[in-house]
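S.K.: One letter stands for each residue in the lines below.
Number of protein chains: 2
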Amino acid sequence: MTVKSTNITRTEHRIDREVRWRESGHRGGVLWFTGLSGSGKTTLAFELERRLFEKNYRVYVLDGDNVRHGLNSDLGFSPQDREENIRRIGEVAALFADAGIIVISAFISPYRRDRDQARQAAPGMFHEIHMSANLDICEARDPKGLYKKARHGDIADFTGISAPYESPETPELVLDTGGLTIEESLGRLMDYVLHNFRTD
Amino acid sequence: MTVKSTNITRTEHRIDREVRWRESGHRGGVLWFTGLSGSGKTTLAFELERRLFEKNYRVYVLDGDNVRHGLNSDLGFSPQDREENIRRIGEVAALFADAGIIVISAFISPYRRDRDQARQAAPGMFHEIHMSANLDICEARDPKGLYKKARHGDIADFTGISAPYESPETPELVLDTGGLTIEESLGRLMDYVLHNFRTD
Chain D
2 MTVKSTNITR
12 TEHRIDREVR
22 WRESGHRGGV
32 LWFTGLSGSG
42 KTTLAFELER
52 RLFEKNYRVY
62 VLDGDNVRHG
72 LNSDLGFSPQ
82 DREENIRRIG
92 EVAALFADAG
102 IIVISAFISP
112 YRRDRDQARQ
122 AAPGMFHEIH
132 MSANLDICEA
142 RDPKGLYKKA
152 RHGDIADFTG
162 ISAPYESPET
172 PELVLDTGGL
182 TIEESLGRLM
192 DYVLHNFRTD
Chain H
2 MTVKSTNITR
12 TEHRIDREVR
22 WRESGHRGGV
32 LWFTGLSGSG
42 KTTLAFELER
52 RLFEKNYRVY
62 VLDGDNVRHG
72 LNSDLGFSPQ
82 DREENIRRIG
92 EVAALFADAG
102 IIVISAFISP
112 YRRDRDQARQ
122 AAPGMFHEIH
132 MSANLDICEA
142 RDPKGLYKKA
152 RHGDIADFTG
162 ISAPYESPET
172 PELVLDTGGL
182 TIEESLGRLM
192 DYVLHNFRTD
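If you read the sequences in order, they're chains D and H. Okay, so the first sequence: first residue is 2 according to this note's numbering, each after it adds one. Okay, so the second sequence: first residue is 2 according to this note's numbering, each after it adds one.
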């Protein structure tokens, strides 16, 4: 029994991040997409994921679909719940980054304070990427018909219409997704990742 | 603009799990360790992680250290908070499994209902592994001195002393970590993973 206990103390430590990075050929980190509904976050997230995956990157997208129905299914849309929603996403993203994965988070995340909290959860591994298409363009696109509903008053506290969006002040990358084509935005995202995440 | 919107709809889908598995050479899934404090969960989790990593598996440990201080830092030790603690861990583990990773969860998780909920979060990818060392053995080991404190009444609701542990009824694997050496337990865990997670 004594020998076993000795073993227990000796072996309890994690794999170093640098060792993980060497193995996978790239760093882990958080690509935190932020921008209005319709600014291209989800489209770009999934297409970036696909392209990185094809280049053998370890990559995963967190979005409303896999977070709101599971981890955050207990949260509604009150101010406190929205804040907690983003807090948890930031913490989960930090765990993925720690595991050596490039995690792409695709949420409006309209408040600076919440995004800063997410940054603090993943020190040195957080990359804030602002999809800066303006309201007029996003509302004209309205891919899910949400702006129309918000204008009719069917959605309360809708970012850009009846709730504020606080633009990032010093994001790592800004993509004017109102002016750039999807292909151009993807090119810049790929360049950014190749430049910032490669370890070789 | 119309063309961009068309693109948006076309490209929004995830990478299939099977495609991820082919790429990494193994399935993703949850190895849910459960057992009393001192039953060997953390020791075995980190040593299993190391051995799988050395065989090029994508593997990550969730434990109190990386979950309680981040994602679940808002939770205390009330019955509701303990339940929510395990619920969130189950959901995060499911996200990791979906990302193609073998995630090892090392928490006492004493209640059947909570573990069953975690199982439901990762359908077909959940492996409940019972570290079945009994109370006498765990208390004699007492690697962190917690049983001593609990016996002195310094820790309330301590599993095995002043709160129940509900053994799994149909776990995928039972390791009698009271009788087996660490090396023997690790051998069985490695066999289990090689048998259940390889895709080639």
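Please note that the accuracy of each hint is not assured.
You can't tell identical chains apart in this list, so a pair holds if it fits in one copy or across any two.
[What the hints assert, rightly or not] Simulated pairs of lysine to any residue, SDA-like, Cα-Cα distance not exceeding 25 Å: (1) K56 <-> R18; (2) K145 <-> I16; (3) K149 <-> R51; (4) K56 <-> S25; (5) K56 <-> D117; (6) K56 <-> H14; (7) K149 <-> Q121; (8) K56 <-> N197; (9) K56 <-> I162; (10) K150 <-> V20; (11) K145 <-> H14; (12) K56 <-> I156; (13) K56 <-> H153; (14) K149 <-> S79; (15) K56 <-> E19; (16) K149 <-> R88; (17) K56 <-> R88; (18) K56 <-> R199; (19) K145 <-> R15; (20) K149 <-> M191; (21) K56 <-> D99.
Hint data in this document are derived by calculation from the structure and do not stem from the laboratory.
S.K.: If the cut is 25 Å between Cα atoms, do K145 and H14 qualify within a copy, between copies, both or neither?
M.R.: between (46 Å within a copy, 15 Å between copies)
S.K.: What label fits K149 with S79 when the C-alpha limit is 25 Å: within, between, both, or neither?
M.R.: within (21 Å within a copy, 44 Å between copies)
S.K.: Cα distance capped at 25 Å. Does K56 pair with S25 within a copy, between copies, both, or neither?
M.R.: This pair counts as both: shortest intra-copy Cα distance 11 Å, inter-copy 13 Å.
S.K.: One pair to classify: K56 and D117, alpha carbons no more than 25 Å apart. Within, between, both, or neither?
M.R.: neither (30 Å within a copy, 37 Å between copies)
S.K.: For K56 vs R18, is the C-alpha pair at or below 25 Å within one copy, between two copies, both, or neither?
M.R.: both (21 Å within a copy, 17 Å between copies)
S.K.: I want to check one pair: K145 and R15. Are their C-alpha atoms no more than 25 Å apart within a copy, between two copies, both, or neither?
M.R.: Answer is between; shortest inter-copy Cα gap is 18 Å, intra-copy 43 Å.
S.K.: Within, between, both or neither: how does the pair K56, I156 come out at a Cα-Cα threshold of 25 Å?
M.R.: This pair counts as neither: shortest intra-copy Cα distance 40 Å, inter-copy 51 Å.
S.K.: Taking 25 Å as the upper bound on the Cα-Cα distance, should K149 and Q121 be classified as within, between, both, or neither?
M.R.: For K149 and Q121, the Cα distance exceeds 25 Å both inside one copy (35 Å) and across copies (37 Å).
S.K.: From the Cα coordinates, with 25 Å as the cut-off, is the pair K56 and H14 best called within, between, both, or neither?
M.R.: between (31 Å within a copy, 18 Å between copies)
S.K.: Regarding K56 and E19, is the shortest C-alpha distance of 25 Å or less found within a copy, between copies, in both, or in neither?
M.R.: both (20 Å within a copy, 17 Å between copies)
S.K.: Under a CA distance limit of 25 Å, which applies to K145 and I16: within one copy, between copies, both, or neither?
M.R.: This pair counts as between: shortest inter-copy Cα distance 22 Å, intra-copy 43 Å.
S.K.: At most 25 Å between alpha carbons: which applies to K149 and R51, within, between, both or neither?
M.R.: neither (31 Å within a copy, 52 Å between copies)
Going down the numbered hints, you'll see the structure goes against 3, 5, 7, 9, 10, 12, 13, 16, 17 and 20, while the others check out.
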